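Generate coordinates for the entire structure from the input sequences, incorporating the hints supplied.
Protein sequence lines, in the order shown, are assigned to chains B and E. Heads up, the first sequence is in numbering that gives the first Met the number 0, so the first residue is 0 and it goes up one at a time. Heads up, the second sequence is in numbering that gives the first Met the number 0, so the first residue is 0 and it goes up one at a time.
If you're looking for bench data, these hints aren't it; they were derived computationally from the structure. None of these values were measured; they are calculated from a predicted model. In this text, a Cβ means the ideal position worked out from N, Cα and C, and glycines have one as well.
Under the rule of at most 30 Å between Cα atoms (straight-line distance), these lysine-lysine pairs were calculated in the DSS-like manner:
hint	chain 1	residue 1	chain 2	residue 2
1	E	Lys77	E	Lys63
2	E	Lys241	B	Lys153
3	B	Lys138	B	Lys78
4	B	Lys148	E	Lys268
5	B	Lys148	E	Lys245
6	E	Lys30	E	Lys57
7	E	Lys51	E	Lys77
8	E	Lys57	E	Lys31
9	B	Lys154	E	Lys268
10	E	Lys126	E	Lys136
11	E	Lys24	E	Lys1
12	E	Lys241	B	Lys154
13	E	Lys241	B	Lys131
14	E	Lys1	E	Lys30
15	E	Lys36	E	Lys51
16	E	Lys30	E	Lys140
17	E	Lys57	E	Lys36
18	E	Lys24	E	Lys57
19	B	Lys131	E	Lys268
20	E	Lys36	E	Lys63
21	B	Lys138	E	Lys241
22	B	Lys67	B	Lys9
23	E	Lys268	E	Lys232
24	E	Lys31	E	Lys136
25	B	Lys74	B	Lys30
26	E	Lys232	E	Lys126
27	E	Lys245	B	Lys154
28	E	Lys245	B	Lys138
29	B	Lys148	E	Lys241
30	B	Lys138	E	Lys268
31	E	Lys245	B	Lys153
32	B	Lys154	B	Lys138
33	E	Lys268	B	Lys153
34	B	Lys148	E	Lys232
35	E	Lys245	B	Lys131
36	B	Lys9	B	Lys66
Chain E regions said to be covered by chain B (calculated; three or more residues, Cβ under 8 Å):
hint	stretch
37	239-248
38	266-280
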Amino acid sequence: MRVSMDIELKDTPGQLLCALTPISELRGNLKSIVHHHEERTPRGTIPVQLVFEAEPDNLDAIIKKLKKNGIGISKVDEKRLIEEGAVILIGHIVHTDIQDTIDSIDRTGYAEVVDISLSMPHINTASSASLKICAVGIKELHEAISILKNIAEKKDLLVVEPIRAEFS
Amino acid sequence: MKIIRASIIGFGSVGQGVAQVLLQKKEEIQKKGFDLKVVAVADSRSAAIDEKGLDLEKILKSKKEIGRVGPETLSGLKVIRNVDHEVVIETTPTDIETGGVGLDNMLTAFEKGMDVVTSNKGPLALKYGELAEAAQKNNAKFRFEATVGGAMPAINLIRDSIAGNSIISIEGILNGTCNYILTRMMEEHASYEQMLAESQELGIAETDPTYDVEGIDAACKLVILANYVFGMKATYHDVDVKGITKITPEALSLAQSEGYVIKQIGEVKDGFIQTSPRLVPESHPLAVGGTLNVVSVQTDLAGTVTSTGRGAGSIETASAILSDLISIYRED
Numbered sequence: 000m001r002v003s004m005d006i007e008l009k010d011t012p013g014q015l016l017c018a019l020t021p022i023s024e025l026r027g028n029l030k031s032i033v034h035h036h037e038e039r040t041p042r043g044t045i046p047v048q049l050v051f052e053a054e055p056d057n058l059d060a061i062i063k064k065l066k067k068n069g070i071g072i073s074k075v076d077e078k079r080l081i082e083e084g085a086v087i088l089i090g091h092i093v094h095t096d097i098q099d100t101i102d103s104i105d106r107t108g109y110a111e112v113v114d115i116s117l118s119m120p121h122i123n124t125a126s127s128a129s130l131k132i133c134a135v136g137i138k139e140l141h142e143a144i145s146i147l148k149n150i151a152e153k154k155d156l157l158v159v160e161p162i163r164a165e166f167s
Numbered sequence: 000m001k002i003i004r005a006s007i008i009g010f011g012s013v014g015q016g017v018a019q020v021l022l023q024k025k026e027e028i029q030k031k032g033f034d035l036k037v038v039a040v041a042d043s044r045s046a047a048i049d050e051k052g053l054d055l056e057k058i059l060k061s062k063k064e065i066g067r068v069g070p071e072t073l074s075g076l077k078v079i080r081n082v083d084h085e086v087v088i089e090t091t092p093t094d095i096e097t098g099g100v101g102l103d104n105m106l107t108a109f110e111k112g113m114d115v116v117t118s119n120k121g122p123l124a125l126k127y128g129e130l131a132e133a134a135q136k137n138n139a140k141f142r143f144e145a146t147v148g149g150a151m152p153a154i155n156l157i158r159d160s161i162a163g164n165s166i167i168s169i170e171g172i173l174n175g176t177c178n179y180i181l182t183r184m185m186e187e188h189a190s191y192e193q194m195l196a197e198s199q200e201l202g203i204a205e206t207d208p209t210y211d212v213e214g215i216d217a218a219c220k221l222v223i224l225a226n227y228v229f230g231m232k233a234t235y236h237d238v239d240v241k242g243i244t245k246i247t248p249e250a251l252s253l254a255q256s257e258g259y260v261i262k263q264i265g266e267v268k269d270g271f272i273q274t275s276p277r278l279v280p281e282s283h284p285l286a287v288g289g290t291l292n293v294v295s296v297q298t299d300l301a302g303t304v305t306s307t308g309r310g311a312g313s314i315e316t317a318s319a320i321l322s323d324l325i326s327i328y329r330e331d
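Dropping the structure here:
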């Protein structure tokens, strides 16, 4: 998952290292760091914004280590589902149990259907839908789409997925 | 100047296109250091032979007026067997069930040590390995740029322009009819059936469109790429094929509101070949419209290289055949 974290550093040498070491020790992958050296919080500390990817299970341990190192943490935002992909479904989408189709993705625990637009022009003709799927990573997004394709095959629905280049 | 004697076997739209192009480009060919002399032309029921070189203008006229290329009744196969020449331009119609007469024509030419330049997909989609082996064994050249995407460089792009690169994968639009129908469905918000009818009226789709719209034509081209580029021993039966007949105008609109177009995309990776409707970002190089074809080749050194062009038409296909002929015999 992707974590955005606002932290506060004392204005003494070596503080940034104290903040970053726990993240790398717990196999976090630093994505961006903004160090506002000219700014000060009301507490006289330097505000720093971090974005990193980490295993969900390791986040508590990272926070604990940061606190132990004397780093102030003012805000933590977690974004678990960081990859997003669209697919189009064509066929008798509603009559083949749309809830079950969506559940097949949601049940995975690593991907969710976050948006669906449905177009049903006439009774007895094929419907079309666009689904937005979010997943914890690119591999999981692929996995989710291939689960959807399996279900769709059984229900005689056509899945139109993005080209490979979209995912690289 | 070196004289190369050629036969044109198959004189339908592509064969006639070749004859026109050879007439039109006589000087350009000579500038490449050789003279191409057509000594035999055969269609399905007649033949014309002249060891001193045929008058192609006269043959085109005869085909148009009386439906025959000449007085002889020799088959293409017999022409290959009995008339001395260096290169067979094989343009008989594609037969993907058996390979048709094209397969025998090509194998016989190779046995005699003759070079073959072809636009005929059937034999390559079924027996590429056998053909390539026969060519190699007899030290003959085998060129087939025209089988994949007409005038659009694909095979020769990979063989020459980006030679030395490892090819990771190939994606592309390899059927102009599907591309036309999908493009028009989106523009007009019209049904598949309506736009199929329009493309039939314009001569873009055949009366029986199955071969194009069910993805069979694209599958054959993908097999040729897979066998040539990745050394696979695939036939078109190995391709996972989904056509465009189920695509709805609503699906195209929904895709568009997400920033995508729907295109019939073929994909080849080592050990994996498929063709199916896919979502392509509107600004992506693969999102070409109308009847255009396009291939994107992912390589290790050059990154992604994309080529686009007209995938069908008699002169366009003849252009690919001409470039193959020049690449074999040029001396400049």
